[in-house]
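Trainee: Each chain is listed here by its residues.
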Amino acid sequence: MSTVDTQKRYGTGSRGSDSIQSSAVRFSGDSGDGMQVVGEMFATCAALSGAYLHTFPDYPAEIRAPAGTLPGVSAFQIHFGSQDVETQGDWVDTLVAMNPAALRVNIDEVAEGGLLLVNTGAFTEDNLSRADYTDSPLDALSASGRYHTVFVNINQRVLDALKGMDFPTSDKIRCKNFFALGLTCRLYGLSIDYPRDWISNKWGNKPALALANETALEAGYTHAEKLEVRLPLLCVDRALLPDGIYRKISGNEAMALGLIAGSEKSWREIVCGSYPITPATPILEELAQHKHFMVKTVQAEDEISAIGIAIGASYAGHLGVTSTSGPGLCLKSEGLGLAVMTELPLVVIDVMRAGPSTGLPTKTEQADLFMALFGRHGESPVPVLAARSPSDCFRTAFEAVQVAVMCRTPVIVLSDASIGNGSEQWRVPTPDDLPEIEIDPMKRGESYKPYERDPVTGARRLGLPGRPGFEHRIGGLEKDEKGQISQDPANHEHMVEMRARKVQAITRFIPPTEVAGAREGDLLVVGWGGSYGAISLAVKHLHRDGYSVGHVHLRYLHPLPSDLGQIITCFKNVLVPELNQGQLAMVLRAAYLRDVQTFSRMQGRPFRISEIRDRMETLLKQSSRGG
Amino acid sequence: MATVLTRKDFVAPVSIRWCPGCGDFAILNTLQNILPTLGIPKENIVIVSGIGCSSRLPYYMDTYGFHTIHGRAPAVATGIKIANPRLSVWVITGDGDGLSIGGNHLIHAIRRNMDLNILLFNNRIYGLTKGQYSPTSARGKITKTSPEGSLDNPVNPCCLALAAEATFVARTIDTQPKHMAEVFTAAARHRGTSFVEIFQNCVTFNNKAWEPISGRDVRDEQLLFLAQGKPLVFGKARNKGIRLNGLAPEIVPLGESATSEKDLLVHDAFQANPAYAYLMSQLSYPDFPSPVGVLRNIERPTYERELRRQVARVAQERGRGDLERALRGHEYWTVERMGREITAAATARPKLGYESRIMDEQIRDLIQIVRDPLTAALRTKLKDIYEKYAHKRAKRVEANEPLSSAIPRFKVFNVSYLMVMDKGKLIGILTERDVVIKLTLHAVDPNTTLAGDLMSPELDLLSENHTVGDAINVLSASGKRYIPLLLESGKYGVVTTKQILWFIHESMVEARQLEKIR
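Protein sequences, first through last, are from chains A and B.
Oh and the first sequence: position 142 is 200 in the numbering used here, straight run, nothing missing.
Oh and the second sequence: position 423 is 413 in the numbering used here, straight run, nothing missing.
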């Protein structure tokens, strides 16, 4: 009995002779133009054609800025191709601009020689002035020779295509996003079978609406033939994909699924206390959708209560989880301290955004590392893991559950706005690929000392409320092994050391560190978190060009992998690119007494590959001159 | 049966570190006295506290205890109760912990109606930090941090709890152990957040703060003991009462020539409208006697129970989560021959769990190959079994009915299971086994425990068009003995292991008879 309800084979598109390795397409328009929908759809078309992909939505910070204005521009970027699509793309190769504001906001990101696909129908005097244009910029743009330009009056074409249908004109124009999708697909030689099916499923009960959108989609697709261009205009290479089941997944979705997988494998039901905060809210929303996994979510009154609820649930034997962003992590500091002291399993997820304070709430940054590592009073060691890409959030969350449950410790997982909201294709693992997370429960009648430790992991055992014979008291006050309050100086020092040693012992579980590129040589680039794509590609390109450069990307930021010190000594120079002022660099300097170069960016956007490559080249030149 | 507990079972073998003469001792004693009388197994009692003198209490109780951080006890207690609703969770807090730093958590625990018992020790001072004014200190109170007198208007704890729509609000006094015991017991019996304010004396930093109200020589005039259904009468000679004049309460003399008791306000804590309880919370020194006792006691669904029910309902509607499907999501595609063949697929919702589906395929294959009477019987639709054996038997119980009303039905109807219904939907099966095991092992109170709490939630409903083979899969995969059915009529029914065995037995007998005839 197959679980597949409907299935359909899609063509794999044509292959051109002068094909390109990857391409970044950005759909942009007004918030109400449906850019996110067609962006997602284009991504699926690209995936079904056999490409790797990486997508990133760029929503306006305002919920509904006035139509046609600059703050109201909503965009969705898809980077797809046969390889090197681990980032959203340094530059936009094709910009679809549905109105003047979208053009103005995005034009600076378009690569030289890129394609501009502009809806001239929206270039009215009103719209131009809303976008701060005095005259239409279109003529100047085509005259500049900097871009390929395709100007189409999409509004009019859609009205023509839907002529005779019984809709008001304003509703007809709303189908323009599908026209743009059809046109873009044709230019890239992608099949539109998938959006066609999607439309008929989505509006199955409103056939007139389905017909209108499908007609617009097809009108866009065929309109390409009227343009005086060779079709497909852009031919992107297909990847050699390993066999398997694939899906598109965002970092926040993957994080929620990783927690659920951890819950299933550790036989502990999730209790997630959380408070809505950009950009972490989708994790709570996703978990709330999974009640059939016995997931219990509580939208708490504040961040403090959220972690309190998670701690309480962990104490009672469930898997306590809380998700937040930087400002929320500040408020969770005291809760984390309590979880460290009481040695309870807990997973805290921080989807980082640019700070301090409210900062740039929708933009990315990696500046919470210090807070994750050190942001508590007292000696308060907490394992810190960081996810490197949207799909990697799954594995990172799962490992965080493993560490938390097996070592009875709170664990902080760092993600960021770009990987949380971004998505990529993911080869879906089967549940059998994931290990069981087992711990030894107290057996009835066993004598119980709350702070007696496992000799290997250093973890204490949990006597769960509701089980007779293990009644005990824990809390924020320092205890001795038997769980009695202790002010004894020697005991406190002993317990501080034990807690630190327990976290340090996690290095035993960390797999050997992978070094990409050269294993020894001139320059090692050490990165963490969402900068993986940009760093790995920059290193890959330079290594291919003959430089002895290597790349290490850390998942465990505390404790650091035990082989890292050795790896660092194999290189003359070490560079740490970070979206902060050099936090990991400072940690590495302190840990290994090495001069580590920092490369900082704090512009609310991920690294570009080119800027990392440039910095690496500069360093390599300097050192060869110096050497 | 559970062993009989005594006070001694609740006393932790540690020395108590409160100042001699502290009101906390009396409260601790009372708690240790009443807990054994509640019929709750000791291991199911969890005492959660924040920070402050009062919050040391968990260490003195030989139960599960969690001394958390300042003000956060209600949040931690909420997590505990959500994870394990069977636990009896007590929150110990003080005026600083509960009303100042933790005010927000207190309000929200109450508004959610978590089934917690919150005891707020109100001594109107910060004791552990050695004498600073607290949120309940009177205006003008002179302390180390308010040498010229506090400017803060004090919080009225009961009023705050009522404003958060507390379902149970009470007040008692550390000097009245008997009264305290009654109030604590009522709080424990109440389902939902029970908020209890205790007038507690801090002997070191705010000695005799309550003396004008509860002092031996004034208490008859200054305390108003609330009793359900009784008029509001006070005074040593019980010669004063409280009457409503318009919307304002007033004190009236009672006696031969004065007002009769009939004109007085009559205490009713069960009123749905909170206006009366609010009025009581506003009576205060020096104009009025301070009411003590249960101000409000109403029923409203508790958060953790509703949450569990939502989870059970979703699990029933969607089937218990299947990790493989969840990882694939709604839209996935399969890649074969290194990307040369890509197939998009939209997932359909499963009727059964993953495990039983695998077995299902095996049995289906078997049925195709083998043609003996036994395997043929596996193809029979459950409809036939249901109509033949089961249609009269399935009896219902509502999820919110207490066990005490469910248990007699086993005997009256001579059944071994009941269908547990919630809003007309079947959400689980309550079996004799559930009752026997859970009632004896966990020693729950059949009067307060609901059928919905003890049932086995039903996640996979078969339809009457499923086959006996399907039913056997589910039974063997789940270890259950009952299969709930969603009938085509929209009603529910149940097929049991026993009935399936009967059916197979009869099929074999029939087959043998057919053989003989041939």
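Just so you know, these hints were derived from the structure itself, not from any lab.
The beta carbon of each residue, even a glycine, is placed where N, CA and C say it ideally should be.
Do not rely on the hints blindly, as some may be mistaken.
Ranges of calculated distance between the beta carbons of each label pair, as one might list FRET restraints [stated by the list, open to error]:
(1) B:K413 x A:W325: 47 to 55 Å
(2) B:E289 x A:G302: 34 to 42 Å
(3) A:P569 x B:T333: 44 to 52 Å
(4) A:R485 x B:S479: 40 to 48 Å
(5) A:E536 x B:R423: 57 to 65 Å
(6) B:Y268 x A:E536: 55 to 63 Å
(7) A:K540 x B:K413: 25 to 33 Å
(8) B:K481 x A:W325: 33 to 41 Å
(9) B:F403 x A:D301: 37 to 45 Å
(10) B:T333 x A:R577: 45 to 53 Å
(11) A:A266 x B:T333: 56 to 64 Å
(12) A:M500 x B:R181: 45 to 53 Å
(13) A:K540 x B:F403: 50 to 58 Å
Pairs of lysine-lysine residues, derived as DSS-like cross-links and limited to a Cα-Cα distance of at most 25 Å, are as follows [what the hints assert, rightly or not]:
(14) B:K415 x A:K501
(15) A:K540 x B:K385
(16) A:K507 x B:K428
(17) B:K415 x B:K481
(18) B:K428 x B:K481
Covered stretches of chain B, going by a simulated chain A footprint (3 or more residues, C-beta under 8 Å) [unchecked claim]:
(19) 16 to 30
(20) 72 to 84
(21) 270 to 282
(22) 288 to 302
(23) 308 to 314
Trainee: Hint by hint, say whether it matches the structure.
Mentor: Status of the hints after comparison with the structure:
1. The given range of 47 to 55 Å is broken by K413 (chain B) and W325 (chain A), whose C-beta atoms sit roughly 30 Å from each other.
2. E289 (chain B) and G302 (chain A) have their C-beta atoms about 54 Å apart, which leaves the hinted 34 to 42 Å range violated.
3. Evaluation of the 44 to 52 Å hint for P569 (chain A) and T333 (chain B) yields a failure: the beta carbon distance comes to about 33 Å.
4. Checked against the given bound of 40 to 48 Å, the beta carbons of R485 (chain A) and S479 (chain B), roughly 45 Å apart, stay inside it.
5. For the pair E536 (chain A) and R423 (chain B), the supplied restraint of 57 to 65 Å is violated, since their beta-carbon distance comes to about 46 Å.
6. Roughly 44 Å separates the CB atoms of Y268 (chain B) and E536 (chain A), a value that falls outside the hinted 55 to 63 Å.
7. In this structure the supplied range 25 to 33 Å is violated for K540 (chain A) paired with K413 (chain B), their Cβ-Cβ distance being about 50 Å.
8. For the pair K481 (chain B) and W325 (chain A), the beta carbons lie near 35 Å from each other, so the given range of 33 to 41 Å is met.
9. Separated by about 56 Å at the C-beta atoms, F403 (chain B) and D301 (chain A) break the suggested range of 37 to 45 Å.
10. Distance hint check for T333 (chain B) and R577 (chain A): the Cβ-Cβ separation is about 40 Å, which falls outside the suggested range of 45 to 53 Å.
11. Roughly 31 Å separates the CB atoms of A266 (chain A) and T333 (chain B), a value that falls outside the hinted 56 to 64 Å.
12. Hint check: M500 (chain A) to R181 (chain B), Cβ distance near 30 Å, so the stated range 45 to 53 Å is violated.
13. About 53 Å separates the C-beta atoms of K540 (chain A) and F403 (chain B), a value consistent with the hinted range of 50 to 58 Å.
14. For the suggested pair K415 (chain B) and K501 (chain A), the alpha carbons sit about 39 Å apart, so the restraint of at most 25 Å is broken.
15. With a C-alpha separation of about 51 Å, the suggested pair K540 (chain A) and K385 (chain B) falls outside the 25 Å cut-off, and the hint is violated.
16. This hinted pair does not check out: K507 (chain A) and K428 (chain B) have alpha carbons roughly 28 Å apart, beyond 25 Å.
17. At most 25 Å may separate the alpha-carbon atoms for a hinted pair to count; K415 (chain B) and K481 (chain B) meet this at roughly 9 Å.
18. The suggested pairing of K428 (chain B) with K481 (chain B) is violated, with an alpha-carbon distance near 29 Å, which exceeds 25 Å.
19. Figure legend: the stretch 16 to 30 of chain B, annotated as covered by chain A; annotation inconsistent (0 residues with Cβ-Cβ distances under 8 Å, at least 3 required).
20. Residues of the stretch 72 to 84 of chain B with a Cβ under 8 Å from some Cβ of chain A number 5, which satisfies the need for three, so the listed coverage holds.
21. Proximity of the stretch 270 to 282 of chain B to chain A, defined as three or more residues with a beta carbon under 8 Å from a beta carbon of that chain, is not established by the 0 residues found.
22. Given a C-beta distance limit of less than 8 Å, the hint that chain A covers the stretch 288 to 302 of chain B holds, as 4 residues qualify and 3 suffice.
23. Coverage of the stretch 308 to 314 of chain B by chain A holds [criterion: at least 3 residues with CB-CB distance below 8 Å; count 6].
Figure legend: structure checked against the earlier numbered hints; hints not met, in rising order: 1, 2, 3, 5, 6, 7, 9, 10, 11, 12, 14, 15, 16, 18, 19 and 21.
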